[in-house]
Every structure is written in structure tokens, then in C-alpha cells.
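From first to last, the protein sequence lines stand for chains A and B.
Here the first sequence stands for residues 1 to 159, numbered as in the working numbering.
Here the second sequence stands for residues 160 to 366, numbered as in the working numbering.
To be clear, the hints were calculated from the coordinates, so they are not data collected in a lab.
All values derive from a computational prediction rather than experimental measurement.
Treat the hints with care, since some could be wrong.
[To be verified] Taking lysine to aspartate or glutamate and the EDC-like style, the derived pairs with C-alpha atoms no more than 16 Å apart in a straight line are: (1) A:Lys-150 to B:Glu-222; (2) A:Lys-115 to A:Asp-50; (3) A:Lys-115 to A:Asp-129; (4) A:Lys-154 to B:Glu-222; (5) B:Lys-299 to B:Asp-237; (6) B:Lys-207 to B:Asp-167.
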Amino acid sequence: MSNIVVGISDWKICKNPEVLVTYALGSCVGSCLYDKVTGIAGLSHIMLPDSTSAEGKTVNRMKFADTALPDMLAEMIKMGADKRRIQAKIAGGALMFATRSEQFNIGERNVAAVKKALSALRIPIIASDTGLNYGRTVFFQSADGKVVIKSTVKGVNIL
Amino acid sequence: MGINNYEDLTPIHLDVLTEVGNIGSGNASAALSNMINKNVEVEMPEVKIVSFQEATDQSGGAEQIVAGTMTRMSGGMDGMILLLMDRDFVDSVIDSFFGCKVKGLLQLDENEISALSEVGNIMCGAYVSAVGQLSGIEVKLESPCFHVDMMGALMSVPVIEFGEVGDKILYIDKKLSIDGKRMNTKLFLIPTIESLQKLMGKLGIEV
Numbered sequence: 001m002s003n004i005v006v007g008i009s010d011w012k013i014c015k016n017p018e019v020l021v022t023y024a025l026g027s028c029v030g031s032c033l034y035d036k037v038t039g040i041a042g043l044s045h046i047m048l049p050d051s052t053s054a055e056g057k058t059v060n061r062m063k064f065a066d067t068a069l070p071d072m073l074a075e076m077i078k079m080g081a082d083k084r085r086i087q088a089k090i091a092g093g094a095l096m097f098a099t100r101s102e103q104f105n106i107g108e109r110n111v112a113a114v115k116k117a118l119s120a121l122r123i124p125i126i127a128s129d130t131g132l133n134y135g136r137t138v139f140f141q142s143a144d145g146k147v148v149i150k151s152t153v154k155g156v157n158i159l
Numbered sequence: 160m161g162i163n164n165y166e167d168l169t170p171i172h173l174d175v176l177t178e179v180g181n182i183g184s185g186n187a188s189a190a191l192s193n194m195i196n197k198n199v200e201v202e203m204p205e206v207k208i209v210s211f212q213e214a215t216d217q218s219g220g221a222e223q224i225v226a227g228t229m230t231r232m233s234g235g236m237d238g239m240i241l242l243l244m245d246r247d248f249v250d251s252v253i254d255s256f257f258g259c260k261v262k263g264l265l266q267l268d269e270n271e272i273s274a275l276s277e278v279g280n281i282m283c284g285a286y287v288s289a290v291g292q293l294s295g296i297e298v299k300l301e302s303p304c305f306h307v308d309m310m311g312a313l314m315s316v317p318v319i320e321f322g323e324v325g326d327k328i329l330y331i332d333k334k335l336s337i338d339g340k341r342m343n344t345k346l347f348l349i350p351t352i353e354s355l356q357k358l359m360g361k362l363g364i365e366v
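Please build the complete structure, drawing on both the sequences and the hints.
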């Protein structure tokens with residue numbers, strides 16, 4: 001069985017026993033939402049915190065934390081997931097290049113925006129591996145809800 | 160009609176950018192050749208408007224480990240330059256500086272990092288100075304930041320910073336060989352849309 005690849009500014013949903021993967025998260029954030037009972041799993045890969053910064057232009061809703069997460073959750077519920085059971089694990093949000101002119105740390109802002117969006121949806125975050133300065137590849141197993149994070153620094157970290 | 164995002168660029172604009180990239184990378188390669196005392200050749204760059212996903216796929220895959228320098232541009236042009244160096248390129252540079260090969264991209268020591276940062280600094284400096292001479296725009300460069308990681312994670316930095324306007328990026332791919340050996344090294348010039356408009360204007364191209 002091959003993994004389902006989630007691109008950048010993208011989200012996908014699968015059902016037990018499929019595996020979702022998203023590659024090389026830098027300051028982007030990957031959010032893994034899981035309903036244990038139905039085995040329905042959703043992985044979102046957002047690039048930016050807030051869609052309102054795009055000022056009225058047609059935006060790719062999968063790119064922003066504030067639009068991607070509610071959309072993905074709604075789709076999971078449509079597939080039969082129960083919102084009361086859904087829990088989240090998040091990864092990414094690194095600061096890849098530490099420069100003095102990096103006035104705004106976009107990775108940190110992305111993590112904060114994902115937390116805010118999930119809290120507004122009342123989805124608890126039960127584990128996270130965010131920040132610092134390295135890229136992460138995320139595998140999300142819908143069979144058991146485990147999130148396997150690969151990086152050059154830590155090797156493999158399982159949430 | 161104006162350029163509001165990279166997707167609005169016409170074939171004429173892309174031709175101009177190809178030439179800009181050509182002159183810039185020619186200058187950067189000459190600077191590199193001087194510094195490492197090896198023969199460096201570049202092919203005509205390929206300029207495309209692609210999605211970030213396509214850019215990483217075409218560069219060898221998001222998870223490939225590369226060394227990168229990121230340099231910010233300011234003054235007459237805002238944006239950044241990203242130089243991505245593969246293992247062969249790093250070996251070639253370190254060999255010329257220190258007469259040895261590196262243990263691995265993830266095991267670089269301080270001297271090696273400093274040498275590679277300097278290479279990034281000189282190449283990016285030569286690149287923008289060529290662009291500056293061509294257009295009459297004075298570009299200032301900050302000192303480069305250096306980092307080794309997955310290519311996709313490094314490439315996402317400029318895309319995110321300038322990604323608010325669209326999902327596409329301007330991809331200037333130049334192929335470079337050192338002493339006849341083809342390197343998988345990429346130099347991306349990523350101007351803001353405003354700076355791109357200004358560059359076109361200065362070059363006498365209608366936007």
C-alpha cells in the first residue's frame with residue numbers, strides 16, 4: 001500500500017489502514033486530526049497563518065491555518081468522524097534561517113495560528129513537535145493514530 | 160495591465176528574466192571560478208513560473224539534504240537569493256579550500272561552514288551586481304545565513320515570505336558544472352512583485 005501524499009497548501013483525509021505523508025515541513029505546520037473509533041484521519045499542511053492578510057483576493061483555503069482546519073474537520077465529519085472524539089497532533093513551524101531581520105518568525109506564527117484555529121474548533125492538541133530550526137517529514141498512520149516525524153536532527157520521533 | 164503576481168508574467172517578461180538570469184549567473188560562476196580556482200561553466204538558465212511543489216520536485220525532491228545560503232536583498236530591490244548546494248558542489252569547494260572532502264553535509268565543521276557561507280556571499284554578490292549594472296538598480300545584500308536541511312524545508316522560506324500573493328513562484332534554474340562535472344546546485348533570485356515591476360520598468364519593458 002502506498003502512502004497518500006499531502007502537498008504544500010493541501011489537506012487530505014484517509015481511513016484506516018492508509019498512511020498520509022507530507023514532506024519537508026520547514027516553517028509550515030502539519031496538523032494531524034484523528035478519530036480513533038472510525039479510524040478517519042486528516043493531515044493538513046499550511047504555509048501561512050491567516051487568510052485575511054490576502055485582502056479579498058480569491059485564496060487557496062488550504063494554504064492558511066484559519067481556513068484549512070475548519071474545512072478539513074467538516075469533511076472528516078461528513079465522512080463519519082465524530083467531532084467529540086477528534087484529537088490533534090501538530091508538527092513543524094521551524095525557523096529555518098535565523099537572521100537578524102527575521103522580525104517576524106513565520107514558523108512561530110503558524111504554530112500559534114494552528115493552535116488558535118484548533119481551539120476555536122474545540123479540538124484538543126495531545127502532542128506536538130514544533131519550533132527549533134530543522135525540517136520535518138510527517139507520516140500519519142490512520143491505523144493507530146501514530147505520527148512518525150523524521151528530521152535530520154532528531155532522526156525519528158514518534159508522537 | 161500590471162503584474163500583480165508571478166502568474167501575470169508574459170513570455171516577453173520571462174525572456175527578459177532569462178537574460179537577466181543568464182548574465183547574473185555568468186558573473187556568479189566567474190566569481191566562483193576565481194575563488195576556487197577551478198573551471199566553472201553555466202548553461203543558459205531556464206525560467207519558469209511554477210508551483211512551489213513543482214519547483215521542489217524538479218530540484219531533486221523535497222527530502223534531499225542540501226546546504227543553503229539565504230541572503231536578503233534591500234536597497235533598490237527587495238527580496239532574497241537562495242543558493243542551494245549539493246554534496247558534489249560542497250566537496251568541490253572544500254577540496255579547493257582545504258584539500259579534503261567533507262564527512263557529510265550534516266557533519267560540517269566551523270571552517271567548512273564559514274568557507275561555504277563565503278562562497279554564497281561572493282556568488283550572490285556577483286549575481287546581483289550583474290543585475291544591478293544591467294538595470295541601474297542598486298541592490299544591497301545582507302550577510303548570508305547558512306543552514307543544512309531538507310531542500311523542501313529550505314525552499315519554503317522565500318515561498319512563504321512572498322507567498323501571500325499567489326501559489327506560484329519564479330523559478331530560475333541554472334545548471335552549473337565544475338571541472339566538467341555537472342552539479343545539482345541552484346541559485347534562486349526571488350524579488351518581491353514590486354521589485355520585479357521596477358526591474359522590468361528599468362529595463363524598458365512595459366508591465
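Results for each hint:
1. For the given pair, Lys-150 of chain A sits about 10 Å from Glu-222 of chain B by alpha-carbon distance, which is consistent with the 16 Å threshold.
2. Annotation: proposed proximity of Lys-115 of chain A to Asp-50 of chain A holds, straight-line Cα distance about 12 Å (limit 16 Å).
3. Our distance criterion of 16 Å between C-alpha atoms is met by Lys-115 of chain A and Asp-129 of chain A, whose separation comes to about 13 Å.
4. Taking the CA atoms of Lys-154 of chain A and Glu-222 of chain B, the gap is about 15 Å. The hint holds against a cut of 16 Å.
5. For the hint linking Lys-299 of chain B to Asp-237 of chain B, the alpha-carbon distance of about 9 Å falls within 16 Å, and the restraint holds.
6. This hinted pair checks out: Lys-207 of chain B and Asp-167 of chain B have alpha carbons roughly 12 Å apart, not beyond 16 Å.
Taken one by one, the earlier hints all hold for this structure without exception.
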